[in-house]
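Between the sequences and the hints, there should be enough to build the whole structure, so can you do that?
Chains as they are written, first to last, in this note's numbering: chain A, 1 to 288; chain B, 289 to 576; chain C, 577 to 864; chain D, 865 to 1152.
Don't read these hints as lab results, they were simulated from the structure. Predicted model only: the values in this text are computed from it and were never measured. Wrong hints could be hidden among the right ones.
What the hints assert, rightly or not - Here are the computed lysine to aspartate or glutamate pairs in the EDC-like style, where the Cα-Cα straight-line distance is at most 16 Å:
1. A:K246 to C:D642
2. B:K414 to A:E136
3. A:K246 to C:E675
4. C:K822 to A:E270
5. C:K702 to D:E1007
As the list claims (entries may be wrong) - Simulated restraints on C-beta separations:
6. B:S539 to A:D138: 32 to 42 Å
7. D:Y1107 to C:I704: 45 to 55 Å
8. C:L825 to D:N935: 52 to 62 Å
9. B:P295 to C:R741: 20 to 30 Å
10. D:Y1107 to C:L825: 50 to 60 Å
11. C:I704 to A:D275: 44 to 54 Å
12. C:R741 to D:L1113: 22 to 32 Å
13. C:I704 to D:S1115: 42 to 52 Å
14. C:D584 to B:E367: 16 to 26 Å
15. A:G268 to C:D851: 26 to 36 Å
Backbone N, C-alpha and C define an ideal beta-carbon position, used for all residues, glycine too.
4 protein chains.
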Amino acid sequence: MNQNPIPDNKVIITVAQTGAITNKKLNPNVPEQPGEIAESALDCYNEGAAICHIHARDPQGENTSDIDIFNEIHGRIKEACPIIIQDSTGGGPNLTQEERIHCLQAGPEMASLNMGTLMRVSGPYKGIAWSNMPDEIDYYVDEMNKGGIKPEMEIYNHAMLQDVRRLIKDGRIKKPYCINIVLGMRYQGAEPATAETLTSIVRQLPESSIFNCTNVGSAQTRMGTLGMILGGGVRVGLEDNIYYRKGELVSSNAQLVARIVRIARELGKEPATPDEAREYLGLSPQNR
Amino acid sequence: MNQNPIPDNKVIITVAQTGAITNKKLNPNVPEQPGEIAESALDCYNEGAAICHIHARDPQGENTSDIDIFNEIHGRIKEACPIIIQDSTGGGPNLTQEERIHCLQAGPEMASLNMGTLMRVSGPYKGIAWSNMPDEIDYYVDEMNKGGIKPEMEIYNHAMLQDVRRLIKDGRIKKPYCINIVLGMRYQGAEPATAETLTSIVRQLPESSIFNCTNVGSAQTRMGTLGMILGGGVRVGLEDNIYYRKGELVSSNAQLVARIVRIARELGKEPATPDEAREYLGLSPQNR
Amino acid sequence: MNQNPIPDNKVIITVAQTGAITNKKLNPNVPEQPGEIAESALDCYNEGAAICHIHARDPQGENTSDIDIFNEIHGRIKEACPIIIQDSTGGGPNLTQEERIHCLQAGPEMASLNMGTLMRVSGPYKGIAWSNMPDEIDYYVDEMNKGGIKPEMEIYNHAMLQDVRRLIKDGRIKKPYCINIVLGMRYQGAEPATAETLTSIVRQLPESSIFNCTNVGSAQTRMGTLGMILGGGVRVGLEDNIYYRKGELVSSNAQLVARIVRIARELGKEPATPDEAREYLGLSPQNR
Amino acid sequence: MNQNPIPDNKVIITVAQTGAITNKKLNPNVPEQPGEIAESALDCYNEGAAICHIHARDPQGENTSDIDIFNEIHGRIKEACPIIIQDSTGGGPNLTQEERIHCLQAGPEMASLNMGTLMRVSGPYKGIAWSNMPDEIDYYVDEMNKGGIKPEMEIYNHAMLQDVRRLIKDGRIKKPYCINIVLGMRYQGAEPATAETLTSIVRQLPESSIFNCTNVGSAQTRMGTLGMILGGGVRVGLEDNIYYRKGELVSSNAQLVARIVRIARELGKEPATPDEAREYLGLSPQNR
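Here it is, written out as structure tokens:
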């Protein structure tokens, strides 16, 4: 389907430990504070994760854009292990567009870049857009480029490939293009975490793309495994899935990393180290 | 791909004559006033169109929800020919949610039902959602059901199949499910009018679907022809495409109907008459 | 893609222990004699296999159609464990068409039915067809029907679906239709064991099909896992793959069953017991 | 799907006038003798055909490899018009492998190269392979290369892409790779002329391929049109289809060319002239 610069016997594992929605009430093992996040990142690194996707919380557990907290998270993780730090710019419903990219000042190696707008269908923000319009995307990617930060483009449906193609055409992003296919979100505009959807999107990826694969909820393991077989990376973690299996809460992010790594090894794939992933993804050494 | 209740040697042609965006400034042959709309509908019927998709304008050419104008359009068309009347509930950016379904009171046989939210990326409404949230969809479809009006579900991307599946699961729509695949719109969230997109969506249609195929701009003829080959209907008209070919404005809606009918006949398909289409689509005789 | 009568949390594992080509020279752990075959079948059953695919060898290790040997294999397996016995009618290049179905007299619950002709491209039979013409297929399936033996239709490419459709149309096979997608064979006419091929064939399977998935060589584990994710069964075994991983010979058929079962369990699927598989596949109790 | 060196507003039309199976008994308008073939080629050229696919018959109407007859056909066509001459090396059941390439001595610009073996399922040669084994393919392509003759690779199913890939890997063929997708043949091993099959094969074509699209029987027009929309050329002619529509025999090859050209023009595509086609396909001037 898509040609792949990553060796056939390697897979890049990303862990999304915290998220903007999950919290200790839903699963007490969600790491929220800098110390918890760094400690969990070390465990995940030890199990085989190469990239750590970061959301920050204030001491009350609310989503925050406080640069001091991001700096503290980055510092503690860097002390603990050489995992790649990827900050989320998806933010949370309580953060402004401007606040969502404060984190770039903390100098992550990567940052997520949401490639389109979804509509919230439940909760207090029901009917409110999670806005990521073309102008906003351009502004975010320009800021990332200034800081030598590699964007991982999050696409939640086929249509978001349109803005990916636009960024390529405009020369705003560099090869390899990192695209994370995120399926199974509960928003209007999201697509389901099915094999039909995943294979169809993979088939439409632009040349020179490296893809990652995130599946929310119980499909995380099967669809992540499918993504791996198709040559992509896999993202796991409590941000996307709080149950290890039906009726059993995840005990730690490392537990989810360990499972996908066991599957990878059965399939003849070794988890890429952070340094291998840096090379495959073409990360700038600037923020290391 | 999708099993089809329509005979292999028939094709349902819909004409979308007016739209909410195109106007006489863009192409002087856009029919706007009731008399123009009815006269053009007769010409399109004579060329082979079975369904006429209706947008109403006030005497100044602005989008309107005025029920008197809808009544006048319906009356004049019914006097002229037996074409099926399908009112748009897509409205225009100046109409409220409530205004968009005023037209149902005029008792059309069909009405369009937009199955998701798109974001405007240009013009005075840039950044503003064209909102069709699940609650709104439910409200619209319930109103159509009360009036015995068959919804044609407009989907602009793969993701909108989610709300189609939801309506089926909730029992809110009846077989056959009429789905119009609309590609090539200039909104964030829309998908391009390509063979890859069209075949991929057709493959994912629910069982017992009848599909129609609308492609905005220069792809109208090729992608409409592809849709016909895949067993679907085709929508043409000035709403979607103001050029007959590069640099040449469409001279009338009937000119576009005539072209797609010529192609259909070369491919061994005769345009369905309105009565044949009524039978295939399972329209209620109530609003005839 | 294809609707599936098998529960989402179950997977049918078949083991193909011996084959017609592999032998003790290629891997000393290939079971050839009745006692070896039965002992290995028990181990595979204990690891989770529900079906055992059988090829018979004479005391010199040559492919044989000797009914006494088939009877002995069946008898010893039945003594050892309740695994489903599926005899191969693919035979070997030294067997006639008639000899290839001698085994049916031994009364297996299932038998393989090869759905088309492939051309040998190497070895002493290079250029010679492995013939499975429509008349031969019909003759074989009629014999199976007489004995209450369920055919598993082996398809090696997209084109063989044509004869599957013909058997369905002619009423020669009963629902559910058991189809084994066999990829990666070294014949002219075979298709490669790739995700693109497997997903494309699965998409074209007739309604009411149950599919199994066999991948020859090093793709066995990844493509088998893909098949499982798509809702199919998986066949593993020394017939199809003599290396456990690059440079390491398989130590036993049970080793391969154990690996695919570990993956299945990580993916939330328990191997179906023989009795569960009998129910899903609709096997006749006649030959149990 | 596949990147295409042919301009979007052009389409290469091939006419297959005679074939090895159709004859004057099936349709009296099949041109068999050199004069008939040349006269019909001129008419097809005038309607828009760029390539003429040639089978030769002896004075009794039997398939022949007689080089004098090929020379006469070539000479007469060249006198009549500048259409590209493409000789068939598919031969007929009465011709040996060696005889099938006699025609190359007549120095055509192109020749067909059959990429795999199919099994005859009816007629006097029922059960006999139409053999095109890898060794034979290699021999044929080497002979074509010696003569500066461009092979058009005929593939009848997905599996034949394997030998295409092999020729590319072995460096035996030059870019652009000309591939003719031939569907709907009545052989075991052939695939049906459906949109699902055609789009699936197009998706799997190697980079730098130019494809042509041949559909046997009543699907010729619809599937040829689909091929054109996907960016391919179209082959029509009495070799593949003797009915213009149900119950009405084709009156001339030119009638079929004229129909596909009318469709092409409705779709905004002009038939490529022979010289344009020579350029797109990279034909050597040697045999012009």
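- State the violated hints by number, sorted upward, taking the hints as numbered earlier in the document. 1, 3, 5, 7 and 14
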